[in-house]
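Line by line, the protein sequences give chains U and S.
Each step along the first sequence adds one to the number in my numbering, with nothing skipped, and position 100 is 100.
Each step along the second sequence adds one to the number in my numbering, with nothing skipped, and position 93 is 93.
These aren't lab readings, by the way, just hints derived from the structure by calculation.
We put the CB at the ideal spot given by N, CA and C, even for glycine.
What you were told as hints is all true, and nothing was included just to trick you.
Listed below are several chain U residues computed to face chain S (Cβ distance under 7 Å; list not exhaustive):
1. 8
2. 12
3. 86
4. 88
5. 94
6. 95
7. 248
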Amino acid sequence: MNWQAMKSIYAFEMARTRRTILQSVVSPVLSTSLYFIVFGSAIGSRIQNIEGVSYGSFITPGLIMLSLLTLCISNGSFGIYFPKFTGTIYELLSSPVSMPEILVGYVGAAASKGLIVGTIILITASFFVDITIAHPFMMVLFLVLTAVTFSLFGFIIGIWAKDFEQLSLIPSLVIPPLTFLGGCFYSINMLPPLWQTVSHFNPVLYLVSGFRWSFYGIADVNPWISLATVTFFLLVCLFVVNWMFKTGYRLKN
Amino acid sequence: MRQPIISVQDLTKTYGNGFNALKGVSLDIEEGEILALLGPNGAGKTTLISIICGIVTPSGGRVLAGGHDVVSEFRKTRELIGLVPQELTTDQFETVWNTVSFSRGLHGKPPNPKHIEHVLRELSLWDKKDFMLRQLSGGMKRRVLIAKALSHEPRVLFLDEPTAGVDVNLRKDMWQVVERLRESGVTIILTTHYIEEAEEIADRVGVIDGGKLLLVEDKTTLMQKLGAKQLILDLAEPMDAVPQALEAFGLQLANNGGSLVYHYDGHDQTDRIAPLLQAVAAAGIGFKDISTRQNSLEDIFVSLIGERA
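Could you build the full structure based on these sequences and the hints that come with them?
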């Protein structure tokens, strides 16, 4: 194991975050605070409680997930795409570093950033709304699993993307509808039956629902199914990335 | 015989788009030598280097570095090797110090600020260590790439067209660094378009074109070929045959009898030129002009490439 290399990649990526702190930390915190002001305080005060939870508190887990997903995907994809774009990838490929080590460095850093921002948002939220955490262990598990899975998903996008257009395709066109329709802002029980059924095909629903369950003990779907869904998606991503490494897909061809 | 530090064995590479970049290249590189690879654009130089360094996977054949296979034992081989790529690829927003330290870390070496400082000083980068790369000129970026490649104390250094777009000062500095590295026992392989460069610093010269290695030879052997000179007499009157009086000099007629050509070794046969000219004058042959010509590595190169085409 080339620990030194993993450490170097990780530190290098984290240093980039420090340099771009406005964009990578302050901006997501600001936008989430705006959500809380608008949906939590302004509109939320006129919305009745959902399953016994005030609207502002209800949306908190969903908002954290929304930021976590978006950030992890963008960090994970950018981290590996940028060296591809500038050409500095030559150095990674000619170093005594194995592909799994590269993966740990980049995905680890992307997930860490996501977790840091997620935590900051949680703390910010506690200033606006009442937060209770019913299952702290499960909450951390969901948070970490989601961060790792979607950073990995971002990493795959970063390897796949041939230009900046493709790089932002999935984060900007696929993820927002999935998250907004994934029950971040409502319980799917509030939807007509047809749309409830459709929602069950949205993987993000399971994430948000499971994560919200760890806070308030209320869920749209069984939390264990949520956990299984995230784990399954993580395994799919690992499978894809393994295939990419084995074939040298868009890295060594 | 010592084990070569790099041994390329029947290496082939066909890219995904069907381009056949290497068609069976075999080459042994001895430890401590400086080998220059000459060849036109698209000859396969960069592909060859990329395979040895692990950036491109070979289609066939294999490469050993320090006795280890570059694919299956990549950790051992890549620790030995430093690569300076052709393109100025840098993390624009990083500082010189960070990017060079990062390279060392990637190669699994624990931090060693002393060594990094030594490398930066040697490449006259020390006063630029806190500059962001985008603030540096092209020549300075080239130095940074060299510093990155030297950060992990490699035993073999690949320089892919190190002097492309580099000014005279930097080129001089670079050759001094190469010279010092060689003295410390580092093997250096460089690719270049500039034949003078190969002449100046290489121990051996390889010519590569169309994915094939056309020749690898000691520079001294090449220099002997290089020493061949021609003295050309443009005649006032064309002639059908070399006059008998001049037979001893082994002259040849050229240019449809319009000129006489004398082939000689520029190193040790110059003392025959005066007798030749006297003999020409004595034979009453008039000439309009006289010129000499030296074979350059370029001629050898062009004739090799020409043979293939």
